Structures are given as C-alpha cells and as structure tokens.
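If you read the protein sequences in the order shown, they are chains A and B.
Taking my numbering, the leading residue of the first sequence gets -9, the next gets one more, and so forth.
Taking my numbering, the leading residue of the second sequence gets 85, the next gets one more, and so forth.
One should not assume that every hint holds.
[What the hints assert, rightly or not] No more than 25 Å apart at the CA atoms, straight line, and that leaves these computed lysine-lysine pairs for DSS-like:
(1) 268/B - 264/A
(2) 295/B - 264/A
(3) 268/B - 291/A
(4) 264/A - 182/A
(5) 264/A - 165/B
(6) 227/B - 291/A
[To be verified] Label-pair distances were calculated between CB atoms; the ranges are:
(7) 13/A - 233/B: 31 to 39 Å
(8) 296/B - 249/A: 39 to 47 Å
(9) 132/B - 182/A: 29 to 37 Å
(10) 275/B - 7/A: 31 to 39 Å
(11) 242/A - 233/B: 40 to 48 Å
(12) 113/A - 296/B: 47 to 55 Å
To be clear, the hints were calculated from the coordinates, so they are not data collected in a lab.
Computed from a predicted structure; not experimentally measured.
Just so it is clear, CB atoms sit at the ideal spot from N, CA and C, and this is done for glycine as well.
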Amino acid sequence: MIHNRDMIPERPAPKSVIGPLAWLRANLFNGPINSLFTLIGLYLVYLLFVPAIQWAFINADWIGTSRDDCSREGACWVFVNARFSQFIYGLYPSEETWRPNIIFAGFFTLIAWLAIPRLPLKRWVAAFALLAFPVIAFVLLHGGYFNLTVVPTSQWGGLMLTLLLATVGMIAALPIGIMLALGRRSEMPIVKSFCVVFIEFWRGVPLITILFMASVMLPLFLPGDINIDRLVRALIGITLFQSAYMAEVIRGGLQAIPKGQEEAAAALGMTYWKRMGLIVLPQALKMMIPGIVNTFISLFKDTTLVMIIGLFDLLGIVQAALSDSRWLGFSLEGYVFAAFMFWIFCFSMSRYSQYLERKLHTGHRN
Amino acid sequence: MAQTAIDNADLMVEMHNVNKWYGDFHVLRDINLQVRRGERIVICGPSGSGKSTMIRCINHLEEHQQGDITVGGVPLTQDVKRIEQIRRSVGMVFQHFNLFPHLSVLENCCIAPMWVQKKPRKEAEELAMQYLERVRIAEQALKYPGQLSGGQQQRVAIARSLCMHPEVMLFDEPTSALDPEMIKEVLDVMVELAEEGMTMLCVTHEMGFAKTVADRVIFMDQGQIIEENAPEPFFNDPQSERTQLFLSQILGH
C-alpha cells in the first residue's frame, strides 16, 4: 500500500533543464554534428555581418553635399541625404512640401490611432479616415482650391506615391474582394458567373500588363475628349487586380466556416446580409488575416511596377537618381535605402497582423 | 391568410403531403403532420430516416419540393420575406449547438433581438440575462462559447433561441453530441420548457424524455411516418413491426 502523509513541495527544476546554458546545449550543441553546424553557421554570420556593419555604419559617410565628401571606404549616405526630399516627395515642388507633410502626419496619426487599442472614438476616427481624409488629402496634394497652387499628379512621386498607391489599393480592394467572394458563392447564376469571369480574368493577367493596358491602350479606346489621369488609371488597374486576389483569399475563409453557422443565423431570422455581415464574414476575415496581410504586402511591393508607365514611386525615383551623372556609382546605397524603406512598412504590417490574430483569438471554434 | 388563421387557430405547424428528394433519393415521402399550439412531439427513428430533414423543412433550412407547410397560419413559400418571417417565430436548437464562436455568450443571445427585432442593446441584454438565468448559465455570460462545456453550450443555444420569443421550438438531436454526464442538464432545461407550455418538436433518442413530456411520439423510417401515438401506447403496444424492431434495439439493453 502506498500512502503519502505529506504533500511533496514544489522544487525548482535543475540547472541542466532551464536557463540559457541548458537552452544552448539542447538547441545548438546537442551532438557533434549539430555542434559543427553551429560553429560553421556562426563563422558564416561573422563573415557576412562584420563587413556589412563596417560598410553601412563604421566606414560610412553621412554628412556632405557632393560625392567628394565621400571617402568611398564605406557607404556614401551623402547621396541618400542629398536626394532625400526627392525620394519622399518625387518631383513635388520643394516650396510646397508642407502639403504632403501634413498628409503624412495625418496618415500616420490615423493609423496609429486605429491600431492602438487604448485610444477612444475608434468608429468616428475610422469614418473620418475613410470618408473625409481622402478628400482632404486630394485637395491638399493636388491643389487648385483655396489659393493652393496646382501640383499635377505627374509630379507626385517617391514614398508619397508608393503609400498612396498601396493604401488606396488595399482599402478599395477589400470591399470589392468581399463582394466578389460572396458573389462567387451565390446561387444566382448571373451573379456567380460574372464574379467567376471577373476574378479569373484579372488573376490571369500579370499586373504589369494591366498597368500597361491602362496607360497605353485605354486612351486609344476612349473618345479623344475624355482624358483620365494616369495616376487614376493606375489606381483603378491596381485595385481591380488586387480585388480579384483578395476575393480568392476571402473565399477560402468563407469556405472554412462550418455550414451550421449560417444555418443558426438563418434560423434566428437573419437576412442574407445580416448572416454574412454579423456571423460569417467576421469569422472568415479573422481566420484570413494572414492571407489578407500577405496580399497587402505583395501589393505594397507590386506598386513599384508603376515605373513602367512613367510614374516614379519610391523605387522608381531612386533608380532615376542613380542615373544622375553627379552621383554615378552609388546604386548599392540607393537600393539598400529603398529596400530598407519597403522592409519597414512590410514588416510593420506583418507584426500588426500577428498582433491582431492574437487579440481576436477567442478560444477554439466549434 | 385571415381565413386560414381562423380555421386553424389552434394549429401551430401543419405539413400536408410533403415530399422531398436529394437528387434521385426520396428523403421525405407524403409527410402529413399537424401540431397544435402547446403540443410536445418527439420524433424518433433510425438514422437516415428523414427525421432531421423533416423538422428542418419547417423553417426552410431544407427546401421541400411538393406539398404544403404552414407555420402559425403562414404558408411557407419561396418568398424570402415570408421565410424570414416564419423563422423569427420558430426557434431551433442544433445537434452541434452552432453558437457563434466570435461572440460572447451574452452577445450570442443579443445579436438576433438587436439586429432582427431592432431592440435597443440594453433591452436585449436584459432579456438575454433573463433567459441565461433560466437555463442556469448567467454567470458565464461574458465568456466565449469555446470556453464552455458541451452541455453549457447547448443550454446557451436554447437561451439564444428563446430570446426571439419563438412560438414553436425545433430540437434537432440536441443531446447526441454531448458527453453522457452532460445530457441531463440539457434535458432538464427542455423538460422545464415543455412544462411551461412551449410547442416543441424534438428529434431525439432520449426515450425517457419522450415518456415524461411528449404528447405524441412519431416513428419515422425511410422518409415516412410509420407510427404516431401517445407515449404510453407507443412504447407499450407498438403497432408496426418496424417500430417494434426499433424500440427493441434502443430499449433492449
């Protein structure tokens, strides 16, 4: 017979189980082959990392106005410095850059406000961001009202243009994508076939072709007196392309929701739109956050393709600066800078999506 | 409509010669059923006999191809508005609960009163708490369905239906997905509901429940109603061979 008179008190785990040393042993040195790979890996990191740090920081030149200020031993950030305002605003007139600055400030404030859970009035801020802010941004950036000088869209560029294309594309593609996804699952044959054809057409064509068609072919088909702004044409092309992809991502989410969910909503007397809007879509979108953000990130990078129709986004304007005869030979710096900017935005989106997933998790589904 | 309401003032659900096919498969064959207000009906039969399909036709979760269904005097047609009107007065409890996992227990109960009946949030919440109290789960109101046991989830599902003040409740094998120790807590709630006079149609294999509360027991096989009787004669003196066989199989041990 076993009979324990006293409860055994909890004891701390031995040093060989927890702590950094135990982690190292378990994960990096748990055998001769693994130890060897770890050492080779460390050596490779050393080979790559040290020169990169030296190039980018230690031997780099930061201050100056021309290429003569650069020692050429490391990166010449002077180039990026000198061209910085072009990289951000494109060919926007320098005395008017306060206008994009206000929009930048507003844009990032709105995003932060919506992303930080503690801040109040989310609904109103979201309504402002979706309805009023685009109008304000257009009026301020384009001008022509309130004695503001007109800055045609052909002079917009750089990071400003990249953010504009990506944001408008994302915000417009999401609702269109939702409608297309619902339409593709519809029982009405006309709606269904329209959505299938639309999605398959736009998904089957490369974005570069769509942009090229929008810019070169469309004006040929339109009557001569109708002239749609090139930026608007690019925006429409990107949005339609993106919404087709979005539709398929969302359809995947819709298919993963058990049929019982819609039945339960129907049994409570909800109309189709309420079943979708209150029950099915919230669950499907939550489940599809990784897929949706993945599409957003690829859109963000795809905006660089507008280069081929003569719009200068961040990458385009960096490339244009590289061919400046005063700054020949600094392509590495230019591309590293562009890559870094893109990476910051894409990485932020990725982190935010992970945060959202955790926040919206409400235990296992039935 | 006014005429039917006077003629059949007492009839809650009426099915007349209802037929349904899944492709070539004849699932419901000439179903005739009349349920009076306040009546409690238990439907049993082997799996695949069409029991669930039959009650799912009543709120048009399944479509029937022939025959007429009338619910509370309103004939069920293809008209979406009509279907939604009928669904508002018919509550349904599913085998797998089908609670909305992204909403808390309280929100599960409030969502239909708020969005379908346009009740203000406060009123809907008070109503929800009242029914959650009745199914003895009010203390879990702020939890999510995924945090509850099966029996608790099914009781929430019953409360969710009751919040719409249905005139008739359909139960589609409400205890079949539950662990044995949780069946009783759900049946207790259903018995209370029956005692309060709710019109109920229950597809279930809980014969104890049928004996306690049913006014009539219906036995179905191969898409037909084979036998229909009060519980006492149904269990003690089944007429058809198939009913006898079925009863011996489920009560035999």
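Using the beta carbons of residue 13/A and residue 233/B, state whether their distance is inside 31 to 39 Å or not.
-> At roughly 38 Å between Cβ atoms, residue 233/B and residue 13/A fall inside 31 to 39 Å, so the hint holds.
Go ahead and decide if the range 31 to 39 Å is satisfied by the Cβ distance of residue 275/B to residue 7/A.
-> violated (54 Å)
Is it true that the CA of residue 295/B sits at most 25 Å from the CA of residue 264/A?
-> violated (40 Å)
If you draw a straight line from the CA of residue 264/A to the CA of residue 165/B, is it 25 Å or shorter?
-> holds (14 Å)
Starting from residue 227/B, check that the Cα of residue 291/A is at most 25 Å away, please.
-> violated (41 Å)
Given the hint that residue 268/B pairs with residue 264/A, does the C-alpha gap stay at or below 25 Å?
-> violated (34 Å)
Can the suggested window of 29 to 37 Å be confirmed for the beta-carbon pair residue 132/B and residue 182/A?
-> holds (31 Å)
Given the hinted pair residue 264/A and residue 182/A, is their alpha-carbon gap at most 25 Å?
-> Distance of about 20 Å is within 25 Å: holds.
Cβ separation of residue 296/B and residue 249/A, checked against the hinted range 39 to 47 Å = For residue 249/A against residue 296/B, whose Cβ atoms are near 33 Å apart, the range 39 to 47 Å is violated.
Between residue 242/A and residue 233/B, does the C-beta distance stay in 40 to 48 Å?
-> 31 Å Cβ-Cβ, so the 40 to 48 Å window is violated.
Given the range 47 to 55 Å, decide if the beta-carbon distance of residue 113/A to residue 296/B lies inside it.
-> Check passed, 50 Å falls within 47 to 55 Å.
Distance restraint between residue 268/B and residue 291/A, which requires alpha-carbon spacing of 25 Å or less = violated (58 Å)
In this structure, the hints that do not hold are numbers 1, 2, 3, 6, 8, 10, 11, in rising order.
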